[in-house]
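According to the UniProt record's numbering, the sequence shown holds residues 1 to 660 in order.
Simulated from the structure, these hints should not be mistaken for laboratory data.
Keep in mind that this is a model prediction, so the values were computed, not measured.
One or more hints might be untrue.
In silico SDA-like pairs for lysine to any residue, Cα to Cα no more than 20 Å straight-line [unchecked claim]:
hint	residue 1	residue 2
1	K233	G423
2	K249	P273
3	K249	W276
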Amino acid sequence: MAPKKAEKKVQKAFGKAAKAEKEKMKRKNITLKYKLEIINRIERGEKQKDIIASTGLAGSTIYTIFQNKEKIKRSAETLLGGDKLSKVSRSRHAILERMELLLLQWIEDQNLNCIPLSTMQIQEKALSLFEGLKKKMLEEGDETVKEVEFAASRGWFDRFRQRVFLHTLRLSGETPSADAESVTIFPDQLLEGGYDARQVFNMDETGLFWKRMPSRTFISQREKRVPGPKPSKDRLTLLLGGNLNGDIKLKPLLVYHSENPRAMRGMLKSALPVIWRSNRKAWVTQDVFMDYIRSYFSPFVEKYCRENNLPNKALLVIDNAPGHPAGTIHYADNVEVVFLPQRTTSLLQPMDQGIIATFKAYYLENLMRHLVSESESGKSLLDVWKDFNIKVALRFIAEAWDRIKPETMNAVWSKLCPSHSRGLPGLKPEELQSKIQKEIVKLAEEAGFKDVDEEDVAEVLTSHNEELRTEELVELEKARKSEEDKEELEEVTEVKEIDVEMLREIFNLEKQLNDKIANYDDDIERSIHIRKLIKQTLNPYHVLYEKKLQHLQQSSMLRYFQSGKRERKVEEENARKESTKKIRKLSEASSDTAHSGTPEPSTSGLQNISVSVVVYKSESESECDAEDSKMIQSLAKDSDDPFNELPPYFLHHSPSKSPE
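Working from the sequences, and respecting the hints, build out all of it.
Rendered as structure tokens:
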């Protein structure tokens, strides 16, 4: 049924039902999910009277829902895929939906950075977002927003909180601040379960603006002048963690807003230095967090405990972030979860005691060193910056995480478990960060950023926790949608794989490097040691090369045998054709003799030819059936023209296959 006809039919049916209503019905709140369900029932062809009877809604109401089905479906897609804002009482203006979507993103950002919020702060932010959006939409020519009013009342806040399920929202004043007693008692409670220091873990999320430079660089200043989405606002979220003993740094969880960014096409996700996940907001949601625990952390704990002769169990200490399911949720059989007391995160959480800050400092240092190195090769800084993408950023993330030392990983537990923290023999985390910042300033000067100082570096490092403004949130959302559209249009690229030729090129460079070291370094003992380290470092490539070479040899042998088999088939076919020619010639000769009245020749030659063909077949592949052989010889003896009676396969079927 055509869409227009269907709508007319629905309008007619529900219009009659609406006219028949005599009583004024009480207004009902209808959720967005319920509206979608009604639309689906109508589109499936369900009878109108059945829908009215089951829902208890007026016919006019149902018709209005169906008439606005496209708008309702778009709203469902806009509101976080229909997941979060699942309770929308009735259709509202798009500006309110957009405002709440941006507000929710802002709240999640604050929670991610462990910033407590008050009801008043949320109401003020909502009003600010609304006014900013209204102004922008009026400038774009949308006159419908003129009549829309919004007061950010307490009633609105309560309904909003219920709609988006912000049950774990941190609101200042709702829970008492943690006192000194809570801070001192909690560490003792941690080790009551008989856990070894190697079995106690902590994890924490942090945002990272992966393409952000200090504000006094001309790159940042140029970005501010260019309209459109800002690369410096492109943020990913990382989950970093390790154990109390300090010997374990967990593989980071990285959440980005795109599953397959253009720079990552063809890369094998399982081979990345992080566990890659994606969602539209680049947040560690509860589903993402639970997947990380069950698919990575729990199996890792089992393997680690087995290798260290420990019981298969771990104690995971985390905060009450929205992405962490409540304590009643079963995380994994070998993982016990303990939540930090309210408002003690900044005081106790190990990852917040210097690990995350040091990691970000190392990341910026890696980025600045990259700019210096690439610009020395002849590229302009702007070209280097343009080529810097999420794939390169992944390498810097892995290198920064790798540079965090075991003693630092242990030292940050000093407030939570002081009895198990060995302290740092060298610099404290804050001293280490200061040292890294000085190195960043030095590299910035080498790159040509003369105005960058330590204050500027400290500012960009702390800016990863900043709050995005309304217009920035809007621009970021547009950029994400544009990226998603491009991804859908682009073809899927095959996964790249290093081959034998690439490995040979690497080994050639290895040889050149070893030769240079041997020729230039007069300290023979040192040069031998360095070359040994190079060999050890590249050993995985040599192992991979041997495996690939072995695979190629096996493939070559297989092709050789397959080629030989084809050649034998050709030889057999040629032999069969030659035998057939001889038989036909003998047949023609026999026929000529019979017509000329001469005595019939002996058939012994024919028998020999027939038998020779059969024997050739039996030697090349398999023996002919005895009955077939007898039949051929019998025909050769008894028939005046035996070749008209021979089985068809004998003359036409390839001898490489057995007769049916």
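Here is what the structure says about each hint:
1. For the given pair, K233 sits about 37 Å from G423 by alpha-carbon distance, which is inconsistent with the 20 Å threshold.
2. A threshold of 20 Å between alpha carbons decides the hint, and for K249 with P273 the separation of about 12 Å falls inside it, so the pair holds.
3. Distance hint between K249 and W276 is fulfilled; the C-alpha atoms sit about 17 Å from each other, no more than 20 Å.
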